[in-house]
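Engineer: Here are the chains, one letter per residue:
2 protein chains.
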Amino acid sequence: MSYRNPVPTVDAIMQKDSKILMIKRKKEPFAGCLALPGGFVNEGETAEDAAKREVMEETSLEIDPIEILGVYSDPARDPRRQTLSVVFVAIVIGGNERAGDDAAGLEWVELADVEKMKNRIAFDHARILADYRNWKTSAGTFWSTKRRTQND
Amino acid sequence: MSYRNPVPTVDAIMQKDSKILMIKRKKEPFAGCLALPGGFVNEGETAEDAAKREVMEETSLEIDPIEILGVYSDPARDPRRQTLSVVFVAIVIGGNERAGDDAAGLEWVELADVEKMKNRIAFDHARILADYRNWKTSAGTFWSTKRRTQND
Chain A
1 MSYRNPVPTV
11 DAIMQKDSKI
21 LMIKRKKEPF
31 AGCLALPGGF
41 VNEGETAEDA
51 AKREVMEETS
61 LEIDPIEILG
71 VYSDPARDPR
81 RQTLSVVFVA
91 IVIGGNERAG
101 DDAAGLEWVE
111 LADVEKMKNR
121 IAFDHARILA
131 DYRNWKTSAG
141 TFWSTKRRTQ
151 ND
Chain B
1 MSYRNPVPTV
11 DAIMQKDSKI
21 LMIKRKKEPF
31 AGCLALPGGF
41 VNEGETAEDA
51 AKREVMEETS
61 LEIDPIEILG
71 VYSDPARDPR
81 RQTLSVVFVA
91 IVIGGNERAG
101 DDAAGLEWVE
111 LADVEKMKNR
121 IAFDHARILA
131 DYRNWKTSAG
141 TFWSTKRRTQ
151 ND
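For the protein sequence lines, the chains are A and B, in the order given. Here the working numbering is used: the first sequence runs in plain steps of one and ends on residue 152. Here the working numbering is used: the second sequence runs in plain steps of one and ends on residue 152.
The set of hints was computed from the structure by calculation and includes no laboratory data.
Label-pair restraints from in silico Cβ distances:
no. : chain 1 : residue 1 : chain 2 : residue 2 : range
1   : A       : 18        : B       : 98        : 49 to 59 Å
2   : B       : 119       : A       : 57        : 33 to 43 Å
3   : B       : 98        : A       : 96        : 58 to 68 Å
4   : A       : 15        : B       : 95        : 34 to 44 Å
5   : B       : 80        : A       : 145       : 21 to 31 Å
6   : A       : 137       : B       : 119       : 40 to 50 Å
7   : B       : 97        : A       : 117       : 43 to 53 Å
So the derived list for chain A, only partly shown, Cβ under 7 Å to chain B, looks like this:
no. : residue
8   : 5
9   : 6
10  : 41
11  : 44
12  : 46
13  : 47
14  : 71
15  : 75
16  : 82
17  : 84
18  : 143
19  : 144
20  : 145
The beta carbon of each residue, even a glycine, is placed where N, CA and C say it ideally should be.
Could you build the full structure based on these sequences and the hints that come with them?
Structural biologist: Below, the structure is given as structure tokens:
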């Protein structure tokens, strides 16, 4: 018997003052939209190493993951194929930022503006950043269908 | 170009008093060893739904995930093929425990005894349960290569 499984991915949240580092996507889906830096976990690397590699490829920055915000695996989160994304919170420890690989450009986005920009934000990354704002005060972790409020 | 990726899995930690629910594995690898209930995430389900389904199949218990302990993705953690496991902490909300599917039996294991039983424990589940003991006091999350101490 053969089963199909979601593909594991990683995304990284880097904050500077009140802003979050996002990439402008070069390719479909969501070409031209903003997304967190990230990508697929390759065989032979850990999720945390994949996060470091993807951020380096897309932004030329060296990072250190300091926490896991949560795991997002809603089957509809990527229109191509189901992904399961481990979202790390990371700090920049080196490098000079420069867009590369799948990134057409880089943008530091005001975290407080994400909600009103959400039509320009790829995948479920607006939701992830809303969770990140909560996490900064609660230190909880999140998953796609976790109850956000008593009434969810 | 085609890349190979790790396969996403889930494991679940259920505690009753000072004990953790583990299954005795029916199949290789680690046949006869103890493991946390869990398994592969299928396409079309979230990680949290996979945890509920796997625990139901292996123990006949209905669970509700309440937290993510961490994400474990060391390429060597499974001898068959690289897995990336999301480990949920869960509470039992229904069912009558009975071993099923890949479980030859069920065993409630004293959390404090895990360290000395580690030769009988499959995969990196002794490490996961050591992290769980820390988590209960720190509420942090963990990944395969996270620094455990200043000297790691």
